[in-house]
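Note that the protein sequences, when read in sequence, are chains A and B.
Just so we're aligned, residue 1 is where the first sequence starts under the numbering used here, counting upward by one.
Just so we're aligned, residue 165 is where the second sequence starts under the numbering used here, counting upward by one.
If you're looking for bench data, these hints aren't it; they were derived computationally from the structure.
Beta carbons are placed, not taken as given, at the ideal position from N, Cα and C, and that holds for glycine.
Nothing false has been slipped in among the hints.
Just so you have them, the derived chain B footprint on chain A, three or more residues with Cβ under 8 Å:
1) 47-61
2) 64-76
3) 79-88
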Amino acid sequence: MILARITIWITHPFPALLIRFYIGGIFVYASLHKINLPAEFSDNIASYLLLPHWIVNPMAIFLPWIELVSGVCLMAGIRVRASASIICGLLLIFTIAVIVVLIKETPIDCGCFQNVGDTVSWLTVGRDLIWLIMGLYVYKYDNLIHLDRLFMIKPEDLDKPDNL
Amino acid sequence: MKVKNISKKLYNKPFRDTLWQVPLIILLAFTISITTNYLRSDKIPLIGNWSVDARFSDSNGKTLVISLEKAKELFENNLAIFIDARPKEQYEQGHIQDALSLPWQEVDTYFMEIAPILEERVSNMERVKSDNGENKNISNAIITYCDGESCELSHELALFLKEMGFNNVHIMVNGWTVWHEAGLPVSVEIK
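Required output: the full structure, derived from the provided sequences and hints.
Dropping the structure here:
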């Protein structure tokens with residue numbers, strides 16, 4: 001009985017909507033500082049010592065914008081599944097990068113939000129994994145307030161003679 | 165009727181939709197990022213120079229990096245002053261023999277304490293150099309170091325010392341690790 005109620009709650013689209021706003025908001029917030037200071041962010045990427053030199057600057061230019069665009073799309077309900085997939089992909093890459101850095105014991109700042117003063121730790125890994133699970137949850141259960149549906153034919157409208 | 169079937173099929177294929185929407189969103193972000201970077205005044209070059217020499221350079225772009233071999237040679241000739249830029253606790257756990265501690269994060273607190281000692285050591289070093297006629301081709305140096313290839317503390321400290329008027333300031337990248345792994349003289353805390 002209790003399990004059934006928990007299942008109903010978990011699979012209800014409302015908690016998924018709240019988590020969608022939360023994850024989208026985090027990505028928008030994380031992107032702003034990096035967009036503002038690309039040179040600092042490129043320093044930060046370089047300090048991970050994981051990427052070849054030629055790709056550091058392109059990543060510093062591109063990464064904040066993919067975070068911003070997918071974060072805004074997720075919050076606004078535009079192509080939610082695609083945005084959630086991108087965010088999950090990014091979180092997976094970030095988690096792997098942080099794990100590698102921790103194993104190699106490279107003492108660097110995370111660069112996740114502000115570029116200085118946020119040293120990487122296993123807590124960073126845990127936080128990213130929780131967000132990753134949240135992203136997958138949004139992909140699976142989110143179904144409320146989608147802006148892009150305003151411009152689409154709804155399945156129930158398909159039965160109306162005008163749309164046939 | 166055909167339209168209805170096609171549309172229902174589209175609605176029932178969320179995974180397939182995601183597959184073509186993801187590249188579209190990536191392409192959109194890519195276009196915005198490249199355009200914005202091109203238009204902004206503080207743009208960064210698409211291909212940057214991230215070699216060690218370029219990363220640890222002064223304001224004129226001249227590299228400050230000194231190799232372990234060169235640092236060792238200067239050390240053996242008493243022509244180098246090593247400055248540890250790591251936090252005090254790490255310095256106390258172990259440091260290059262005779263190195264001074266000037267933690268970059270507390271440089272304001274410790275610099276005035278260190279400055280007279282550093283000046284005295286620099287003048288001693290100048291004396292050693294002038295006495296040592298046969299090694300005129302070796303120049304003396306102040307060498308900052310910290311730990312880890314991406315550690316920036318020694319770089320910041322080196323730039324600060326240059327600003328304070330010290331000459332021949334160099335950086336030994338990943339200094340503590342390469343020095344003690346090479347079995348060179350260190351002072352370690354005895355527990």
